[in-house]
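Chemist: In case you want the letters, here they are:
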Amino acid sequence: MDQLSGGEMLIRALHDEGVEIIFGYPGGAVLHIYDALFQQDRVEHILVRHEQAATHAADGYARATGKAGVVLVTSGPGATNAVTGIATAYMDSIPMVVISGQVDSKMIGTDGFQETDMVGISRPIVKHSFMVRKPEDIPLVVKKAFHIAESGRPGPVVIDIPKDVTDPGITRPYKYPEDIKIRSYSVPTKGHSGQIKKAVDALLAAKRPMIYTGGGVIQGEGSEHLTELTKKLGFPITNTLMGLGAYPASDKQFLGMLGMHGTYEANMAMHHCDVLLCIGARFDDRVTNSDTSKFCPDATILHVDIDPAAISKTVTADVPIVGAVAPVLQEMIDLVSQPDKNVDKQALENWWAQIESWRQKECLKVVPSKEGIILPQEVIQAVHDITEGEAYVSSDVGQHQMFAAQYYGFDKPRRWINSGGLGTMGFGFPAAMGAQFGHPDAISVCVTGEGSFLMNQQEFATCMQYRLPIKIICLNNQALGMVKQWQDMQYGGRHSHSTYAESLPDFTKLAEAYGHVGIQIANKDELYPKLEEAFALKDKLVFVDVLVDPNEHVYPMAIKGGSMKDMVLSKTERT
Amino acid sequence: MRHIISVLMENEPGALSRVVGLFSQRHYNIDSLTVAPTEDQSLSRLTLTTTGDEARIEQITKHLNKLIDVVRLVDLTEGAHIERELMLIKIKAVGSQRSEIKRTVDIFRGQVVDLSSTVFTVQLTGAGDKLDAFIAALGENVVLEVARTGVSGISRGEKTLSL
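Protein sequences, first through last, are from chains W and H.
Numbered by our numbering, the letters in the first sequence go through residues 1 to 575 in order.
Numbered by our numbering, the letters in the second sequence go through residues 576 to 738 in order.
By construction, these hints were calculated from the structure, which means they are not laboratory data.
A portion of the hints provided could be inaccurate.
Heads up, simulated DSBU-like pairs for lysine-lysine below, C-alpha to C-alpha not over 35 Å straight-line [as the list claims (entries may be wrong)]:
id: 1; chain 1: W; residue 1: 198; chain 2: W; residue 2: 365
id: 2; chain 1: H; residue 1: 637; chain 2: W; residue 2: 560
id: 3; chain 1: H; residue 1: 677; chain 2: W; residue 2: 67
id: 4; chain 1: H; residue 1: 705; chain 2: W; residue 2: 181
id: 5; chain 1: H; residue 1: 705; chain 2: W; residue 2: 198
id: 6; chain 1: W; residue 1: 134; chain 2: H; residue 2: 641
id: 7; chain 1: H; residue 1: 665; chain 2: W; residue 2: 181
id: 8; chain 1: W; residue 1: 134; chain 2: H; residue 2: 637
id: 9; chain 1: H; residue 1: 637; chain 2: W; residue 2: 207
Partial list, computed: chain H residues near chain W (C-beta under 7 Å) [said to hold, decoys possible]:
id: 10; residue: 596
id: 11; residue: 600
id: 12; residue: 601
id: 13; residue: 625
id: 14; residue: 643
id: 15; residue: 646
id: 16; residue: 659
Just so it is clear, CB atoms sit at the ideal spot from N, CA and C, and this is done for glycine as well.
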């Protein structure tokens, strides 16, 4: 057995766990670990320019690849800077392992330099956390951390390591555990067969069925199963913001995203359905429109989730199924494939006729404006055309995020990377870095707004260091667009602290200052040619600053306090 | 409705704060809490009382079960159970009051565990409402200090909360 220091054990354990890349930023409490990193070449370390970006990059990597993202930060400010990224991952159930340095064991509790109680601070936003006490504990803690982060409903795990535990002067025999059992932690696999049968019976008897799925289908690698089941049944389907790509957006059974900025047809079908199959989604308030008593008033609710606590949390399930998505869906497919199992064809035909009439409203139709003004929706459509729908698209938070979700049309899982639960501005750019590291040959696009982008712009430097050819599409409306939209709609148009046009930087020069390429698009005639020019620069980061109509709102939009059928459809039309 | 939930958890630093933090984080209330290691030194048993409707209690038990440090739990109020709380109470006892207080202590089957010329210190065990009744019987103006442990409990019969 090799004799290793704690620092060496940590890096070796990461390698033995299959980790190829970690995102981090050095500092006093992790210097022993960084020295161990320096003396090996199995685990690649990416030096970001802010710890928040390290967590978002690891998060983007995890979302794009399905593997846990790994972060290494120092104690105190390094750890606290990571907190927003950990919370972001927690809210969206993203597997992540965050290793934070800590002051020497004997200094803990003395308010030492760069000391902070990371286990305490992160407690409400982690799946679990560890404080390592002895070097010999490191291999087992790392094994447990990855097992917990990646299995069941995934989530972030923090490992806090006091500096003395990684001391190069103290070595111990190293062996990485092959298997692990945690007596208090078990992961549901198959669902209850009786419950699954009950759910399938309800689906087959449905007159107005609806399928509503979330991020859990993507996390649980259940997209193919979902597509097969949905096509077999011929039912309409909608995805949440987190679940886009789980079912191909270009398929005719797909009604678009649901919820606050969901399509008219998806929300109407939700409201009027009589049987609702929910898979890997959690009846979030951005879906149900807050007042759950008005939600799907006629529906029998079938809820599949790996997390029992997600079931009947906000909306009571009539048929709860606790289990992993893929095996549960497989069992459903097997059941509906039996020769005597048929859907109610006539009822389904009538239901589709109703849905088609809702569809004819064309709620996402873009009406081009005059005089060369670019609409943000047109930008997303152009990006989709030019990338042929194949890009990994990350976004920040706000109007541009909703436009990207509504107009890009994701046909594959893991292509859409956004902060759905926490709604973290500043997420998109570092997340696009993570996606690019995960898929070096793919196109990584960050759709952002000038407000969000300014929150993590320092990562321009990281992208130069590692030559990341990300394409940043900034829908520049010179305002915090979603805040402004709410102020327009609910605060009499009083734009309290949501505009700053006079102080925005010249983004093209900013990109150029870091050695990247900056392109500005101000006129609609230039939209396609200049975007094509940007995407043709395959080995360069290009910041595309698109000046869009500053007055555009995101529609449809749920009416507060209403049910899912209550929507604002445009500046002049409501349901 | 009031529920008594007993939790077996890893006897490790931080485990208690995860349980307590969960309650404040999710706006659940804790009315009383008691915790100590069990006969198996690797486990602690925590018993808490809380109130809420069925849906809320279901969420509480589900979220407790999600905590990695929680090994097993039981809602004791779902079945027949025994509930006990220990109280140490200092009572002002002078002159003719002394025999009156001693009688009250006997009626409640308490024990005087310490005394001075003006104070009785009494130990009393029972369900929470018995302890409340004892305090009420004494009257507020003689009660000097109250130390209650919070509710502990165990199910009746052969059912056990163990590994």
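Chemist: Taking the numbered hints from earlier one at a time, note which ones the structure violates and give those numbers from smallest to largest.
Modeler: 1, 3, 4, 5, 7, 12, 13, 16
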